[in-house]
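A.B. asks: Read off the chains here:
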Amino acid sequence: MTRRPSAQTAAVLRALAGDRGRWRYGYELGQEVDLKAGSLYPILMRLHARGLLESCWEAEPPGGRPARHLYRLTGAGIRAAAALPAAEPARARTARRPVNGSARIASRGAR
Amino acid sequence: MSADLAGGVLQLVVRALPARQAEWGDAMRAELVGIAGRGERRRFAVGCVLALLRRPAGALAVGRWLVCGVLLVAAVALGWAIGVPRIRAEALGVVAGLVLGHRLLRSRIGFGPVAAARGARLLAAGGILAVGAEAMLEFRRLRVDPPLTLPVNATTGVYDESRATWNLIALAVVLAVLLIALTGVTSGRVAVRPSTIVLGAGTAAVAATIWLAVVLFHPAASTGAGPALLGVLAAGLVASVWAGDSSWAPGEPAARADARQALVAGLLAAAGTTTALGLLMDLLPLTGHWVANDAPPGFAAHPPTRLVDTVVVWLPGLVFTLGLILTVRRSSQAPHSTGSTEARSTDDHASGAPMTTGRDVVVARFTR
Chain A
1 MTRRPSAQTA AVLRALAGDR GRWRYGYELG QEVDLKAGSL YPILMRLHAR
51 GLLESCWEAE PPGGRPARHL YRLTGAGIRA AAALPAAEPA RARTARRPVN
101 GSARIASRGA R
Chain B
1 MSADLAGGVL QLVVRALPAR QAEWGDAMRA ELVGIAGRGE RRRFAVGCVL
51 ALLRRPAGAL AVGRWLVCGV LLVAAVALGW AIGVPRIRAE ALGVVAGLVL
101 GHRLLRSRIG FGPVAAARGA RLLAAGGILA VGAEAMLEFR RLRVDPPLTL
151 PVNATTGVYD ESRATWNLIA LAVVLAVLLI ALTGVTSGRV AVRPSTIVLG
201 AGTAAVAATI WLAVVLFHPA ASTGAGPALL GVLAAGLVAS VWAGDSSWAP
251 GEPAARADAR QALVAGLLAA AGTTTALGLL MDLLPLTGHW VANDAPPGFA
301 AHPPTRLVDT VVVWLPGLVF TLGLILTVRR SSQAPHSTGS TEARSTDDHA
351 SGAPMTTGRD VVVARFTR
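Residue numbers (the numbering used here), protein chains in the order written: chain A, 1 to 111; chain B, 1 to 368.
Certain hints may be false.
[As the list claims (entries may be wrong)] Short derived list, chain B residues pointing at chain A, Cβ under 10 Å:
#, residue
1, Ala19
2, Glu23
3, Ala30
4, Val49
5, Leu50
Derived by calculation from the structure, the hints in this document are not laboratory data. Note that the Cβ used here is the ideal one computed from N, Cα and C, for glycine as well.
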């Protein structure tokens with residue numbers, strides 16, 4: 001990342017870097033970093049376009065619910081998150097629900 | 001706005017998006033299903049719609065659908081206003097035929113969806129606007145209510161239904177040819193480079209603007225077909241030469257592809273200029289100071305000061321447009337064309353999200 005990320009982008013990067021291996025979904029992430037969908041998704045789209053985020057579709061959604069789109073940081077994303085200045089105190093909230101770990105990994109963003 | 005209405009709007013916006021962008025929309029729709037509480041669902045859906053519309057591709061796609069919707073309503077309203085039942089039915093039939101034909105052309109069996117490149121999407125929207133505007137102008141001329149216009153028999157002074165029918169047939173042919181060329185050139189499956197589209201359409205816009213400025217600000221300038229057609233030819237030549245590669249060498253595949261792009265740019269510029277000039281020449285008589293050369297005697301409410309050759313401009317435009325269709329069709333069949341590869345890679349770059357297969361997965365889940 002060449003420019004310094006905005007505070008919101010930095011919050012999303014930190015949230016994703018907090019549990020690197022886990023796939024996260026948008027609504028959960030928005031709840032954690034206290035961002036509305038109108039702010040969160042443009043950030044996710046930008047991070048994905050820059051190769052900092054990889055995505056896949058949930059493989060086995062429970063109970064007829066449509067598959068969720070899941071996100072996690074790529075290697076470049078992890079490095080970008082590590083390069084961020086120290087986090088501001090406790091804006092983040094605890095994630096409400098974990099994501100099913102059996103997600104099928106398509107990991108296109110990292111390519 | 002209720003939660004379900006917001007979800008419906010989100011679904012409509014997602015359907016309007018190009019395939020690669022729509023994957024993000026599908027992701028939002030999938031999230032929406034799992035959110036509990038009407039208020040929360042509504043806020044989430046509204047946020048998602050705003051996020052999609054803030055993207056240039058999203059705004060363009062939705063804008064194109066809005067333009068199409070407004071044009072369709074206006075064309076049907078003007079067609080409905082034609083006082084003669086048979087002509088009214090024929091006019092509405094032309095609208096229905098064009099809409100159906102356009103949907104077919106954009107389907108898998110036709111040229112397919114618009115390319116993701118911004119130039120292609122702008123041209124697609126502008127072309128639809130031009131086709132709709134021309135249909136509306138013609139419908140306006142076919143009304144029975146004052147001012148009586150084109151279909152009036154000059155000797156009897158009554159509405160000439162047979163002439164009105166022929167006008168509608170000519171209109172349907174011209175607009176159908178325009179739509180075929182438009183969907184072909186702007187299709188993501190056709191090997192027309194985004195830069196070729198920008199050059200061809202941009203040259204046409206500049207040429208038409210120059211013509212309009214000259215005839216508006218220099219009353220002595222001729223508004224006949226001769227100078228207009230010279231301008232059309234000049235636009236075609238300029239675009240073609242500009243697009244041509246200086247290293248052109250006959251027989252080499254890459255050079256042949258470049259030559260084809262130059263041909264497409266030239267034909268697009270010529271066809272675009274004739275379409276724009278034809279539209280302007282149909283619009284100018286609305287001011288009362290201009291009159292079309294095919295109008296019956298005594299048509300103008302006020303004494304006209306200028307004459308425009310609408311028919312003489314539309315006819316060569318038809319030839320250029322047919323040439324464009326043939327060239328584009330051959331481009332889409334060329335298996336080793338370099339343009340195809342470049343167009344696809346540019347589309348991927350423009351979309352900013354090189355995801356393709358996932359959408360098929362989630363669409364299948366939604367449609368089950």
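A.B. asks: All hints, please: hold or fail.
C.D. replies: For each hint, the structure was consulted:
1. Interface restraint check: alanine 19/B against chain A, minimum CB-CB distance 14 Å, threshold 10 Å, status violated.
2. The closest approach between the C-beta of glutamate 23/B and any C-beta of chain A is roughly 8 Å, which is under the 10 Å cut-off, so the hint is satisfied.
3. For alanine 30/B, the shortest C-beta to C-beta distance to chain A is roughly 4 Å, which falls under 10 Å, so the interface hint holds.
4. A least Cβ separation of about 8 Å between valine 49/B and chain A falls short of the 10 Å threshold, and the interface hint therefore holds.
5. Interface hint at leucine 50/B: satisfied, since its Cβ lies 4 Å from the closest Cβ of chain A, which is below the 10 Å cut-off.
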